[in-house]
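Undergrad: If you're matching positions, the sequence shown starts at 1 in my numbering and goes up one per residue.
Please keep in mind that the hints were generated in silico from the structure rather than gathered at the bench.
Because the structure is a prediction, the values reported are computed rather than measured.
Below, simulated DSS-like cross-link-like pairs (lysine-lysine); rule was C-alpha separation at most 30 Å, straight line:
| id | residue 1 | residue 2 |
| --- | --- | --- |
| 1 | K253 | K218 |
| 2 | K253 | K263 |
| 3 | K263 | K246 |
| 4 | K237 | K253 |
| 5 | K237 | K255 |
| 6 | K237 | K218 |
| 7 | K218 | K251 |
| 8 | K263 | K251 |
| 9 | K246 | K218 |
| 10 | K251 | K237 |
| 11 | K218 | K255 |
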Amino acid sequence: MQSILSAVDVSASTESSATAVSWGPIIAGAFAASTLTFILMLLGSGLGLSMVSPWSGSGASVTTFAVSTAIWLVIVQWLSSGVGGYLAGRLRTKWVGIHTDEVYFRDTAHGFLAWALATLLVVGVLGSALSAAVGSGVQAVSTVASGAALGASAGASANAGGAPTDNATSYLVDSLFRPADPSKLAAASPDGDAAAVGQASRILIASAAAGEIPADDKTYLSQLVAARTGLSEADAKARVDALVAKVQDAKVKAKQAADTARKGGATFALLGALSLVIGAFIASAAAALGGRQRDDEEALFISSR
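Throw the hints in and build the complete structure from the sequences for me.
TA: Here it is as structure tokens:
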């Protein structure tokens, strides 16, 4: 009984009251990692913007840009996490009377905590500055494409008579007062050309919103084109069919572009998560390496004295 109590007393006396977490090295490693991440992201954004171009055929393809971005994210995590983890392990104080496996676990934990804190700093503190720096260049590239789309949309709205709600109402009113003979539209309006163009624009906008053009609207468009241009009904119908085919082709291309953007966003998110996992592993391994080198250097220094 006395021996058991003695063993308990010895165990209690050797247990340290200090925490095993050294927040100083962790914070230092996190600041170093987040700063290096910010610098590398700025460098990567500059290299990425130099690869893309608003001119067709003069920039890198979407696949090349996506692969380059993924590789760069891994490189950023590898370098910044390695530096932050190594500093967290190298700067911590020596743990005395601790088993080697426990020292290895504490070092890897310090590296992981440094990586986690650096990630939070980049997302929370440096996120706005990074978004402003990268977004200014991205906006300059995207404005070229979006400006054309906005201009086309504004032109269609102006020709059709205003807002989308007004266009839908005007389309219904046009169908209500649509003349049986489209050639009489000129006589019913002081400006026959403007009235014909307005009705045709509203029909096309309504068909684009609905996904298809009704047969009676297509017939009326053919008659309207024939009345306003002097073409035969067959030629006018062929012209309308060609226009409808162009509208459908533009719609398919828009869907393809949206699907490509969706896939690109999903791929970027998955690769971003993968790069973060790689960064956590590298930070833990680098901290273990830095801690072991710190203990070896101190042991070598003590033995040489």
